[in-house]
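Here are the chains, one letter per residue:
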Amino acid sequence: MNYPVWDVAFGAGLLIAIVAITHVFVSHFAVGGGLFLVLTEQKARRANDAALLAWLKAHTKFFVLVTVVFGAISGVGIWFTIGLISPTATSNLIHTYVWGWAIEWVFFFIEITAALLYLYGWDKLDACLHQWYGWIYFIAAYLSLVIINGIITFMLTSGAWTKNHQFWSGFFNPTYFPSLAFRTAISLALAGIYALITASVQKDAALKARIVRWSALWTVPALAVLPLLGRWYIHKIPADVWASARGPMPTGTEYAMLAVVLLIVAFVLALLTLVRPARMHLAFSLLVALMAFGAMGSFEFVREAIRKPFVISNYLYANSFYSTQIPGDGGFSVDEVNAAGVLPSAKWVNERDLTATNQVAVGHEIFRVECESCHTVNAYRGLRHYIELRQWDQNKINAMLGGLAFMHNNVMPPFAGTDAERGALAAYLNSIEPVSAEAAAAATDGETVFDQNCSMCHRVNASDSLFKNLATDPAAAADSLKDLTTLFPLMPDLKLTDRQRAALVEWINKQRSAKEFSSTAQGGN
Amino acid sequence: MMQTNLIPSLDPNPLPAPYWLFKLLLIVTFFLHIIAMNFMLGGGVLALVAKWRAKNPASGNRMFFDLARKLPSLLPATITLGIAPLLFVQVLYGQFFYTSSILMAWPWFLVLVMLTVAYYGFYYVSFRAGEKPGKAGGVMLCSVVLVTLIGFFFSNNITLSQTPSRWAAKYFANPSGWNLNLSEPTLFPRYLHFFTAAIAVGGIFVVFMALANWKRDKEYAGQLLQFGGKTFMYATMAQFVVGVIFLVSLPRDLRMLFMGDNPLATTLLLVGITGAMAAIFLMSGALRTGNIRVAAVYVPAILAVVILCMSVMRDILRDAYLRPYFRPEQFAVTTQWAVLPLFLALFVGGVILWLVMMRRYGLLGGKKGNEPPKAQMASTD
Numbered sequence: 161m162n163y164p165v166w167d168v169a170f171g172a173g174l175l176i177a178i179v180a181i182t183h184v185f186v187s188h189f190a191v192g193g194g195l196f197l198v199l200t201e202q203k204a205r206r207a208n209d210a211a212l213l214a215w216l217k218a219h220t221k222f223f224v225l226v227t228v229v230f231g232a233i234s235g236v237g238i239w240f241t242i243g244l245i246s247p248t249a250t251s252n253l254i255h256t257y258v259w260g261w262a263i264e265w266v267f268f269f270i271e272i273t274a275a276l277l278y279l280y281g282w283d284k285l286d287a288c289l290h291q292w293y294g295w296i297y298f299i300a301a302y303l304s305l306v307i308i309n310g311i312i313t314f315m316l317t318s319g320a321w322t323k324n325h326q327f328w329s330g331f332f333n334p335t336y337f338p339s340l341a342f343r344t345a346i347s348l349a350l351a352g353i354y355a356l357i358t359a360s361v362q363k364d365a366a367l368k369a370r371i372v373r374w375s376a377l378w379t380v381p382a383l384a385v386l387p388l389l390g391r392w393y394i395h396k397i398p399a400d401v402w403a404s405a406r407g408p409m410p411t412g413t414e415y416a417m418l419a420v421v422l423l424i425v426a427f428v429l430a431l432l433t434l435v436r437p438a439r440m441h442l443a444f445s446l447l448v449a450l451m452a453f454g455a456m457g458s459f460e461f462v463r464e465a466i467r468k469p470f471v472i473s474n475y476l477y478a479n480s481f482y483s484t485q486i487p488g489d490g491g492f493s494v495d496e497v498n499a500a501g502v503l504p505s506a507k508w509v510n511e512r513d514l515t516a517t518n519q520v521a522v523g524h525e526i527f528r529v530e531c532e533s534c535h536t537v538n539a540y541r542g543l544r545h546y547i548e549l550r551q552w553d554q555n556k557i558n559a560m561l562g563g564l565a566f567m568h569n570n571v572m573p574p575f576a577g578t579d580a581e582r583g584a585l586a587a588y589l590n591s592i593e594p595v596s597a598e599a600a601a602a603a604t605d606g607e608t609v610f611d612q613n614c615s616m617c618h619r620v621n622a623s624d625s626l627f628k629n630l631a632t633d634p635a636a637a638a639d640s641l642k643d644l645t646t647l648f649p650l651m652p653d654l655k656l657t658d659r660q661r662a663a664l665v666e667w668i669n670k671q672r673s674a675k676e677f678s679s680t681a682q683g684g685n
Numbered sequence: 107m108m109q110t111n112l113i114p115s116l117d118p119n120p121l122p123a124p125y126w127l128f129k130l131l132l133i134v135t136f137f138l139h140i141i142a143m144n145f146m147l148g149g150g151v152l153a154l155v156a157k158w159r160a161k162n163p164a165s166g167n168r169m170f171f172d173l174a175r176k177l178p179s180l181l182p183a184t185i186t187l188g189i190a191p192l193l194f195v196q197v198l199y200g201q202f203f204y205t206s207s208i209l210m211a212w213p214w215f216l217v218l219v220m221l222t223v224a225y226y227g228f229y230y231v232s233f234r235a236g237e238k239p240g241k242a243g244g245v246m247l248c249s250v251v252l253v254t255l256i257g258f259f260f261s262n263n264i265t266l267s268q269t270p271s272r273w274a275a276k277y278f279a280n281p282s283g284w285n286l287n288l289s290e291p292t293l294f295p296r297y298l299h300f301f302t303a304a305i306a307v308g309g310i311f312v313v314f315m316a317l318a319n320w321k322r323d324k325e326y327a328g329q330l331l332q333f334g335g336k337t338f339m340y341a342t343m344a345q346f347v348v349g350v351i352f353l354v355s356l357p358r359d360l361r362m363l364f365m366g367d368n369p370l371a372t373t374l375l376l377v378g379i380t381g382a383m384a385a386i387f388l389m390s391g392a393l394r395t396g397n398i399r400v401a402a403v404y405v406p407a408i409l410a411v412v413i414l415c416m417s418v419m420r421d422i423l424r425d426a427y428l429r430p431y432f433r434p435e436q437f438a439v440t441t442q443w444a445v446l447p448l449f450l451a452l453f454v455g456g457v458i459l460w461l462v463m464m465r466r467y468g469l470l471g472g473k474k475g476n477e478p479p480k481a482q483m484a485s486t487d
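Note that the protein sequences, when read in sequence, are chains A and B.
Numbering-wise (the working numbering), the first sequence opens with residue 161 and increments by one.
Numbering-wise (the working numbering), the second sequence opens with residue 107 and increments by one.
Derived from the structure by calculation, the hints contain no laboratory data.
Just so it is clear, the structure is predicted and the values come from calculations on it, not from any experiment.
Heads up, a few of these hints could be off.
[As the list claims (entries may be wrong)] Derived pair list, reagent style BS3-like, types lysine-lysine, alpha-carbon separation capped at 30 angstroms: (1) B:K238 with A:K217; (2) A:K284 with B:K321; (3) B:K241 with A:K217; (4) B:K276 with A:K507; (5) B:K238 with A:K221; (6) A:K363 with A:K203; (7) A:K363 with B:K238; (8) B:K324 with A:K284; (9) B:K276 with A:K284.
Take the sequences, apply the hints, and build the full model.
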């Protein structure tokens, strides 16, 4: 709306995910690895362990090549990417937290300098001074995590900020401390995991065994404590935020499960390194790293998934619409756009008038400004696939667009705009996957009717409003489904055929009478 | 047309400090960034020149690797010092900067990829120091070409951010982010102006290396002085031509700002030109008499003033470009007193800590260890 939209064919969200996940996997190593370097140096010097020192020197080189080069550039990369994909959110964050970022920059500057001096200082500095550089590096790196953690968690749980707009209110938000503890543990675990990689190529078996055991001291306890910290983290997330991870599209729950499974695998593998530490192979260390990478990526996906439909919680939707009208929002809140319409409000649309002949073109532009920050046509979260799967014709799409905010446990922002504009968007979506009215009405078995028309909001569950409230008498039930908006005004105005309604009611009654049907049954789709 | 309607609105959050403070930080950090960038890019180009144009291959290779060893530190210095102006430009000019970035999103995104590859290339070359050059020259060339291209993309983005009248046609023809700003008449002169400056300032970096070697290896230091000094002189002379072309390429009303219409801009231009001429004159004398002090202290001091003048002129030009769309008064300001003093304190503390770290290491005039350093940070010693 306010900014042009970068049309990334394979999905803007996917691009951010790739940049962000690769970055965090390295940046957390940059924090924990710093402590690892100094403590390992201290240990080696105390024990007069020349071989360990020699390895640590090589490991420092590896550390710098990974963190100072890739870590630093990918960090800038996140910033580049969010500016390209979510400029409104970025602008809001920058104006709110520029001093946070400026402080982080001071730490970052110290961090990079200290890392290079620590690397080059191996041949040049006395032991004491060298370790000082290591400590400075680690403290600066950790402090940069302390700062950025405030901004990341603010986006998930903005706390009192939405009311008072105070820097520290948003910064020390409800998930600040659990997230900091969680990320600290990840950093320590990764320090040990990365060390396995350079240890694995050591020829000196005794040395390798020493390093592997030492790494396990970092990895095993840190991985073991992560589930506890994760519980604390989840506990601090408001119920309504976490709720979107459950229900008919439990992306958050699925990724959380994946994170736990991969975490357990990584933990077991980390323990296994202790069985024959002297013979640990490079491939094995890479496998541990891969599992940790998967766990970490899944964790970040959970965070992103439960944040939906917001990019900044209770403030800005993922598609850059403000969730409530606030002074200075430029007319880009949902309510304002509902009243004024997308075409007069948006800055970056070419078609300004909706006519009988340009519906599809206008719909395409609305798709771009309202949907494309998360969806594509054919690729990542591709709508063509969804429409084909559910056999929605244009009318059905139009009706469903009216209920977006309720679909999938509120993971989507509502459609904003006039009814005519919604019709145009439906026309466009129908043009990418034309489904005729006949095809949309073709399904006649109850389960398919449910899947295609109801499962986006309703679960097969005794406590679900549909299963709880629908009349048991087949005729009365079928009759009540004729006009959904009289059942509940915010429901999409779907029109099912008589046959479909009868089949749906029959199927619902069958579910309800099933013995195992209870409030814990899993959802449809 | 509805071009002015395209300018994105500000977001609802006020500026968290007065406009002038962000402006000051923007100019100062840009000035530091551009010096580091010049050392890095100029140093990279001159390393290649030294290797391929040296009459004596041995000394050419030595210069090549001496310069190459500095690049893995100069590149992060450039990036790190570049983050701050990138932050402050978003604070003040986000409406323009995000938009132009989105219009050329893919080239802008590819900057990151190219930077990563160039960076690893620099490391590869520096790790081969002391060995046979092998592929080092080719790798260095690739890295230098990549960072040169990155600079070109930056010039595209900055010029595009300043010319909103070009936005609509580009975006509606191609929303997938594959635009550049090649039709902009000031693009190539502007880019060439920056590139030439990088060569000249890179020459000064070589002169600093001469100073660092002055007591240890006089003959080699003399070669470095001649190479760096001459490069500086010729590039700065060329800059008079390039600079005039850039000035002429500007729209007339903007050009006239520097030729009388805006007293500050005109004064800065005159100071810049005078300073550059004085620097050439001094450098020429220093090369004749072999006076390292003049070459490595006085000339750089004058040059720093010139670069600062140019940085301010650049800012005046941006504001002139954006005059129809942007007014400092547009911002509401609510200074975040709860955090600004913390930043200022940490900033001062950070600078002090950084200086202590550098000096304790033996850089920036600090006491050196027993043996000459094998590798150094970006330094002026």
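Verification of the supplied hints:
1. B:K238 with A:K217: With a Cα-Cα distance of about 24 angstroms, the restraint between B:K238 and A:K217 holds, given a limit of 30 angstroms.
2. A:K284 with B:K321: Between A:K284 and B:K321 the Cα gap is close to 20 angstroms, so the pair holds against 30 angstroms.
3. B:K241 with A:K217: holds, 26 angstroms
4. B:K276 with A:K507: holds, 15 angstroms
5. B:K238 with A:K221: Within the cut-off at roughly 21 angstroms; holds.
6. A:K363 with A:K203: Given pair A:K363, A:K203 holds - Cα atoms ~21 angstroms apart, limit 30 angstroms.
7. A:K363 with B:K238: holds, 27 angstroms
8. B:K324 with A:K284: Given that 30 angstroms is the threshold and the Cα spacing comes to 24 angstroms, the pair holds.
9. B:K276 with A:K284: violated, 54 angstroms
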